[in-house]
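Protein chains: 2
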Amino acid sequence: MFRNKIPDVVIRRLVTYLRILTDREAGPDDYISSAEIGDLADVNSAQVRKDLALFGEFGKQGVGYPVIGLRDELIEILGADRKMYIAIFGVGELGTALARYLTSRRETTPNYRFVIKGLFDVDKSKVGKEVDGIPIRHIDGLGEVMAASEIKIGVIAVPAWAAQDVANKAISKGIKGFLNFAPVRIKTPPGVRIQNSDVTSDLQELGFYL
Amino acid sequence: MFRNKIPDVVIRRLVTYLRILTDREAGPDDYISSAEIGDLADVNSAQVRKDLALFGEFGKQGVGYPVIGLRDELIEILGADRKMYIAIFGVGELGTALARYLTSRRETTPNYRFVIKGLFDVDKSKVGKEVDGIPIRHIDGLGEVMAASEIKIGVIAVPAWAAQDVANKAISKGIKGFLNFAPVRIKTPPGVRIQNSDVTSDLQELGFYL
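Top line first, the protein sequences correspond to chains A and B. Counting in the numbering used here, the first sequence runs from 1 upward without gaps. Counting in the numbering used here, the second sequence runs from 1001 upward without gaps.
Chain A on its own, in the form it takes in the complex (with noise of 0.2 Å):
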């Protein structure tokens, strides 16, 4: 199946039965149902087979899959074996919780692939300053930054009347991803991907079901 026509929602899930795989201690024997996948993914089994169906044949009727095997299709279908380079935009609260805690996955998970190579801000006060070692620099050095490393990925954390600014700034030096946690939609032109993560919106769908 052509990378560019799996739906945005199976590979939502196939991210989710990655982490499922990847939490899971096993050794080279060890299979792994499509029922419990979807147990934990809170998805029905039917669905498990079919989205992993579509790339081949992993499973062995009655037994499952091989966690091990498994786990290393799927980071292979998913890239995510790649070291991807993120700049998080606003060392506000939340940018430096994401700084943190991206670095603290870092150095609890091997082959953590998503590396910090810049942190930017406008705010005088923090220029210059660290988190966890990482300086943090004017958004106008944000080229400079680019030019030594190709960040793919600009982490969104600065408050929503300064969201589309930052975004466009950082488009115009060749930033293609953008995960957004400012509460508002970014304009984009096409070929850049945003990806939003909204509290309220995940909120709204809990406070559904309650």
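These are calculated hints, taken from the structure and not from any lab test. Every residue, glycine too, gets a C-beta built ideally from N, C-alpha and C. Where hints are given, some of them may not hold.
Unchecked claim - Residues from chain A that keep clear of chain B, each with C-beta distances beyond 10 Å, as calculated:
id	residue
1	50
2	55
3	59
4	66
5	110
6	111
7	123
8	127
9	144
10	148
11	149
12	172
What the hints assert, rightly or not - These stretches of chain B come out as covered by chain A in the derived footprint (C-beta under 8 Å, 3 or more residues):
id	region
13	1069 to 1082
14	1086 to 1093
15	1167 to 1181
Stated by the list, open to error - Derived, one-sided and incomplete: chain B residues facing chain A with beta-carbon distance under 8 Å:
id	residue
16	1009
17	1016
18	1019
19	1040
20	1096
21	1097
22	1101
23	1114
24	1152
25	1153
26	1185
27	1199
28	1201
29	1203
30	1204
Start from chain A and add chain B according to the hints.
Only chain B this time, still in chain A's reference frame:
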């Protein structure tokens, strides 16, 4: 359609549609097409029409949906007009950022429904302090706070190793839903709902396309 029969993915999209309609300034005669909603929600227009048709005939052929009418319908479907009390567990950088975010959303958004009723930590150096006027309490005081106001949602912002224990305590006091930011799967009894918000999964999904 019965409330408990609506698939999770549909609820997720309805939340996105509601957000799009809420973001839009509109008068009583303003309409929006399924194509426009789909474009903003990153969903195709047929899917938008199909999702909304589950709940009745809101749209007019060739004109679209009345912005205010559809928004009000979605608020009703999602129960998004009910106030909902929240507790945040873990008042580190992430918990503090979330508390400030929710407080500021409530100040800037009319009828913002999510109200923080408690901040909890176990760190004695934090207990007794405040974030935006909300006191930080020891988690052992949760029962007392719950007796005074029904907290429905617990936001888990503690380290991974503490998450299950915190969830167990909160469940024992009657909290029925969690938004979990700890990078770990939490086990819950039937009837308790967990929504995971995981930065690494968001980055994995984004990384697939870059």
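Enumerated hints in conflict with the structure, sorted upward: none
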